[in-house]
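We have chain A; now place chain B onto it with these hints.
There are 2 protein chains.
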Amino acid sequence: MTVQQAIAVLDSGVGGLTVVKEVMRQLPREKILYFGDTARTPYGPRAADEVVAFTREIVDYLIQYQPKMIVIACNTATAAALEDIRQRVDLPVIGVINPGARAAIGRTKTGIVGVIGTEGTIKSGAYDLALKRLSPHVEVISRACPAFVPLVEDGNFRSKETSRIVSDSLRNLRDSAMDCLILGCTHYPFLAESISEAMGTEVVLISSAEETAREISTILHGTNELAGRNEMPIHQFFCSGDPKKFQEIAQNWLGEQIRLTPVVWQVPHIGA
Amino acid sequence: MTVQQAIAVLDSGVGGLTVVKEVMRQLPREKILYFGDTARTPYGPRAADEVVAFTREIVDYLIQYQPKMIVIACNTATAAALEDIRQRVDLPVIGVINPGARAAIGRTKTGIVGVIGTEGTIKSGAYDLALKRLSPHVEVISRACPAFVPLVEDGNFRSKETSRIVSDSLRNLRDSAMDCLILGCTHYPFLAESISEAMGTEVVLISSAEETAREISTILHGTNELAGRNEMPIHQFFCSGDPKKFQEIAQNWLGEQIRLTPVVWQVPHIGA
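Protein sequence lines, in the order shown, are assigned to chains A and B. For the first sequence, the residue numbers in our numbering are 1 to 272. For the second sequence, the residue numbers in our numbering are 1 to 272.
Only chain A is shown next, with the shape it has when bound in the complex (with noise of 0.2 Å):
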């Protein structure tokens, strides 16, 4: 028997949980190792030099458990640090901001998308290339929400005063023609009930997290390496800041697919 390789998962946080929860959801079967730097969040407002020296800590540590792919489940640190990584390991790597775009240019019918994230993605013009890359003729209307991810790393994601700020920071927005809104930040489906409160119900919600997990069950069946029939997930979670916080968080929002599957929790040294 061969050891079950996994699908390793980082993030600034627990912004990519919302990646895992795809995975675990869309493919049952594979073994997930994730790695949330819950010690250095926010990425958002750091520098992008930065952001990559953090992601290719990160990546060299779960290097060592040899998954059979990357994904940086993390905006900031894929617009910052995607390229880099791809040039640095000898695996599929991939990021979430191009299957965001693509699943916005395929929902689309008024050919105007809107696009909230972190100052470090908005700042970074990713996702205008990645759109403009597929559909030159769309147009992009985009907005950081700095306040967005302090407040799910905080697990402070239904109150009043969530939905409060949440509706501030996206004033105006429901204004333009856009379609869709493409939630270009891990953590904001944590936010979706009251993002979608404050856009109204015409505007879709985009979650980069279910499209990344799309796009790495298309990835690993066309390289042929799907989990097979007969493995059984464990699922390895790792953080750099306070566990329980972080474990608290993941219990919440994993809530059944983790109890249908061993879960190791661990506290690395690094990050700190």
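In short, the hints are calculated from the structure, not lab data. You may find that some hints are simply not true.
Remember, identical chains collapse to one label, so a pair may be satisfied in a single copy or spanning two.
Simulated pairs of lysine-lysine, PhoX-like, Cα-Cα distance not exceeding 20 Å [said to hold, decoys possible]:
1. K245 x K21
2. K109 x K21
3. K109 x K132
Only chain B this time, still in chain A's reference frame:
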């Protein structure tokens, strides 16, 4: 300047035009080469061996144009010949079954997925296999709808008679707890309105055409082969049968998409 390589798309007739339309929409810079085997449609009732032989013949023909990818945009041919063609050509070859299966797994909440297709596709069990390979606990309800392809090939996709035939063919399916229905034949999006009426709005229709276009995008992005910024596509359409009827259906279905780019129509000497 290098010559732009095309995406080659083949089908038993006009059904693959639903994939073409989506590729044109999602990847407007891509050059497309289309072959509709209208002289030998439908493939659905034919023996698998015969479908493999026809598919090989068409692929050999298209290969002369040095495409960058082969898309078997016919579910019957995908079920019968995908693996065979993959082994014969040194190019990415994708079919339409896995993309639809993947989308259904992403979409279903009840875990019960419907599939409609030709007799060949349904009898092959290819969707069951693809769905269960991804998610072992999904329940699949399949039905062959042999009346549908001839309706579409006749260009008869919006009449009352068509609605009646569609509604009869899908009788009882709406009583199940399925929450999404895979249109497991690329001809079926032509009949989407009637199918949706028959199934009710709670059932999400999954078009293998739309999903395949997205996977084409994912795969070409992964291999760094998406058309570049300044490329201007010319589309080429071949059919083995009556070119007038084919052209009429294609122009009707593709509408504005082919008004934007130059198109060449040809009748090759095969399949006649």
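Violations among the numbered hints, reported as their numbers in ascending order | Hint check: nothing fails, all pass.
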